[in-house]
Amino acid sequence: MGYMHTAVVWFRRDFRLHDHTALIHALQWAKEREGKLLFFFHFDSHFAKERTYHHEYFFQTVEQFRQMLRHLYGIHVHILHGDIDDVFVRLISRTHMNAIFFNKDEVGRGKERDDYVRTFLQKYGVDVYAYDDAHLHGAFEVLKADGTPYKVYTPYYRAWRKRPKRFPSSVDMALLREHMLHMTPISEDDERAFTMWLAQCTKHWERTSEQDALHVLQQFIDKALPYYHRKRDIPSVTGTSRLSPHIKTGTISIRTVFHAVAQQFGNGYDEAVETYIKELAWRDFYHMIYAHFPFTKTEAFIEKYRHLPWSRDDEQFEAWKEGKTGFPFVDAGMRQLKKEGWMHNRLRMVVASFLAKDYLIDWRMGEQYFQHMLIDYDEASNIGGWQWAASVGTDAVPYFRVFNPIEQSKKFDPDGTYIRTYVQELASFPSLYIHEPWKSNIKIDYPAPTVDHQLQRQRAIALFQMNE
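Just so you know, we're using UniProt numbering here: the sequence shown kicks off at 1 and counts up by one.
Among these hints, one or two may not hold up.
Stated by the list, open to error - In silico SDA-like cross-links for lysine to any residue, where the CA-CA straight-line distance does not exceed 25 Å:
| id | residue 1 | residue 2 |
| --- | --- | --- |
| 1 | 339 | 209 |
| 2 | 439 | 463 |
| 3 | 165 | 186 |
| 4 | 162 | 148 |
| 5 | 31 | 72 |
| 6 | 304 | 294 |
| 7 | 248 | 260 |
| 8 | 339 | 313 |
| 9 | 278 | 304 |
| 10 | 278 | 216 |
| 11 | 111 | 297 |
| 12 | 439 | 428 |
| 13 | 411 | 203 |
| 14 | 411 | 452 |
| 15 | 278 | 428 |
| 16 | 49 | 110 |
| 17 | 203 | 55 |
| 18 | 165 | 280 |
| 19 | 203 | 67 |
| 20 | 111 | 52 |
| 21 | 339 | 162 |
| 22 | 231 | 47 |
| 23 | 165 | 219 |
| 24 | 248 | 206 |
| 25 | 223 | 243 |
| 26 | 203 | 428 |
| 27 | 443 | 318 |
| 28 | 248 | 47 |
| 29 | 338 | 54 |
| 30 | 144 | 161 |
| 31 | 338 | 314 |
| 32 | 297 | 59 |
| 33 | 338 | 368 |
| 34 | 297 | 105 |
Unchecked claim - Estimated spans, in silico, between C-beta atoms of each pair:
| id | residue 1 | residue 2 | range |
| --- | --- | --- | --- |
| 35 | 199 | 318 | 29 to 35 Å |
| 36 | 83 | 369 | 24 to 30 Å |
| 37 | 84 | 314 | 32 to 38 Å |
| 38 | 83 | 185 | 16 to 22 Å |
Treat the hints as calculated values from the structure; they're not laboratory data.
Ideal Cβ placement from N, Cα and C applies to all residues, glycine included.
Please construct the entire structure, taking both the sequences and the accompanying hints into account.
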């Protein structure tokens, strides 16, 4: 069974209909040719074998997207499982596809896959259409006058800010229904395997859909955005957007977020709006850095710091992961991560600094742990953030600036509300000692500090000075 003109839309981390660049172009392609479209998701064996919060949240989002399309529009998203070659051979065989449309990756394993797929499909005469979609500006859009990448954020931001941002585009749903190819599942076995994988998830997330993402955005604009510049570092309040998991899975487009926020200029809180927009620019900046310097996944950006003698102390690393370092603010952050698969951004900086500069443990171990645990894991941002905290990355915090976990705690969680939420042993602890429980005479089942911060600070500085 085949049509003269059939195109496949490959969903990857863009589980929405509104402002979906590849889908909009695919629909135009089908309209011009009176062709048909088929939706497809590759249940990648590489990711299926690792049962992490990161993957569980992601695949549950896929399933919610499939259910939404099926219930609202009668559209089926076909799932194929296995190696990429086998998957596409079966897809071509069943659909006689002429073209494929997808939103491309510019970094990491995703880029390698895209490059491979493009070559593979062209051998079969399939036209490949790939688009920039996940960022406001792609990795090769905002460069210096000589064509080289920026390595410092501030001049990058100035150039980034001047460039116009594409507006969101909508999909004509009536036209989409008209051009959908309706057929039985290409592989019922593969779809059953996906369902079985989901049934074994250790944690279940709700409200992961496009509609949920739009609601979160509206809540942020109405309630938190006006105070964002003042409250974004306070983990006990909802002072951030909480959009990061949705941006990661693409249940909302980054253009929708940017323009909804930018429209708030002139409402009396311009500083808050600009502060949030700068965070969106950081996301593009780290993506650009990773695309131009792919070695940063496993090596420090700063060459002289590539061979620092980091520790790999398993006992300390375990204490950090479990939230048992003896520093309440650090432990609260790590326990939030373990419980929810998400952590407040201020805590991400604090716990990363603690691992690298209090425990002197290799930043790559922390980056890999975050990769497993974070439901909003973004490879480029995570690598950039870890290298920033460990003082080995581009435009990183100077090595002699070491976050004091106690002072951070007092400054950003003064009454201990956040600590009490996640460190149950300290839930009823008096505020006077909540940041330094070891100074009280109260007996509790909570560890004493596992290191002397001031001593470790000096050791961290000495570690870097050896390589200056």
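Checked hints:
Distance restraint check for residue 339 and residue 209: the Cα-Cα separation of roughly 21 Å lies within the 25 Å cut-off, and the hinted pair is therefore satisfied. At roughly 30 Å between alpha-carbon atoms, residue 439 and residue 463 are farther apart than 25 Å, so this suggested pair is violated. With a CA separation close to 39 Å, the supplied pair residue 165 and residue 186 exceeds the 25 Å bound. A distance of roughly 18 Å separates the Cα atoms of residue 162 and residue 148; the hinted pair therefore holds under the 25 Å criterion.
With a CA separation close to 22 Å, the supplied pair residue 31 and residue 72 stays within the 25 Å bound. Between residue 304 and residue 294 the CA atoms are separated by roughly 17 Å; this keeps the pair inside 25 Å, and the hint holds. Our distance criterion of 25 Å between C-alpha atoms is met by residue 248 and residue 260, whose separation comes to about 18 Å. A hinted pair counts as satisfied when its Cα atoms are at most 25 Å apart, and residue 339 with residue 313 qualifies at roughly 24 Å.
Note on residue 278 and residue 304: the hinted pairing is violated, with a Cα-Cα distance of about 29 Å set against a maximum of 25 Å. Distance hint between residue 278 and residue 216 is fulfilled; the C-alpha atoms sit about 20 Å from each other, no more than 25 Å. Pair hint residue 111 plus residue 297 holds up; C-alpha atoms about 14 Å apart against a cutoff of 25 Å. Under the criterion of a C-alpha separation no larger than 25 Å, the hint pairing residue 439 with residue 428 is consistent with the structure, at around 16 Å.
Taken as a hint, the residue 411 and residue 203 pair is broken in the structure, with Cα atoms around 33 Å apart against an allowance of 25 Å. Distance hint between residue 411 and residue 452 is fulfilled; the C-alpha atoms sit about 20 Å from each other, no more than 25 Å. Of the pairs offered as hints, the one joining residue 278 and residue 428 is violated, with about 38 Å between alpha carbons and a cut-off of 25 Å exceeded. Proposed proximity of residue 49 and residue 110 is supported: the alpha carbons are some 17 Å apart, at most 25 Å.
A distance of roughly 11 Å separates the Cα atoms of residue 203 and residue 55; the hinted pair therefore holds under the 25 Å criterion. Between residue 165 and residue 280 the CA atoms are separated by roughly 12 Å; this keeps the pair inside 25 Å, and the hint holds. With a CA separation close to 19 Å, the supplied pair residue 203 and residue 67 stays within the 25 Å bound. Using a Cα cut-off of 25 Å, the hinted pair residue 111 and residue 52 holds, with the two alpha carbons roughly 22 Å apart.
Our distance criterion of 25 Å between C-alpha atoms is broken by residue 339 and residue 162, whose separation comes to about 40 Å. For a cut-off of 25 Å, the pair hint linking residue 231 to residue 47 is broken: about 36 Å separates their Cα positions. Distance check on the hinted pair: residue 165 and residue 219 sit about 23 Å apart at the alpha-carbon level, within 25 Å; holds. A distance of roughly 16 Å separates the Cα atoms of residue 248 and residue 206; the hinted pair therefore holds under the 25 Å criterion.
Note on residue 223 and residue 243: the hinted pairing holds, with a Cα-Cα distance of about 14 Å set against a maximum of 25 Å. The straight-line distance between the Cα atoms of residue 203 and residue 428 is roughly 28 Å, outside the 25 Å bound, and the hint therefore fails. Straight-line distance between C-alpha atoms of residue 443 and residue 318 comes to about 24 Å, which keeps the hinted pair within the 25 Å bound. For the hint pairing residue 248 with residue 47, the CA-to-CA distance comes to about 16 Å; that is within 25 Å, so the pair holds.
The suggested pairing of residue 338 with residue 54 holds, with an alpha-carbon distance near 11 Å, which does not exceed 25 Å. With a C-alpha separation of about 14 Å, the suggested pair residue 144 and residue 161 falls inside the 25 Å cut-off, and the hint holds. Proposed proximity of residue 338 and residue 314 is supported: the alpha carbons are some 18 Å apart, at most 25 Å. Using a Cα cut-off of 25 Å, the hinted pair residue 297 and residue 59 holds, with the two alpha carbons roughly 24 Å apart.
Restraint check for residue 338 and residue 368: the C-alpha separation of about 14 Å stays at or below 25 Å, so the hint holds. Between residue 297 and residue 105 the alpha-carbon distance is near 16 Å, which keeps this suggested pair within the 25 Å criterion. At about 30 Å, the CB distance of residue 199 to residue 318 agrees with the hint of 29 to 35 Å. One distance hint, 24 to 30 Å for the beta-carbon pair residue 83 and residue 369, holds here, with the actual separation near 28 Å.
Checked against the hint of 32 to 38 Å, the pair residue 84 and residue 314 passes, with Cβ atoms roughly 36 Å apart. The given range of 16 to 22 Å is respected by residue 83 and residue 185, whose C-beta atoms sit roughly 19 Å from each other.
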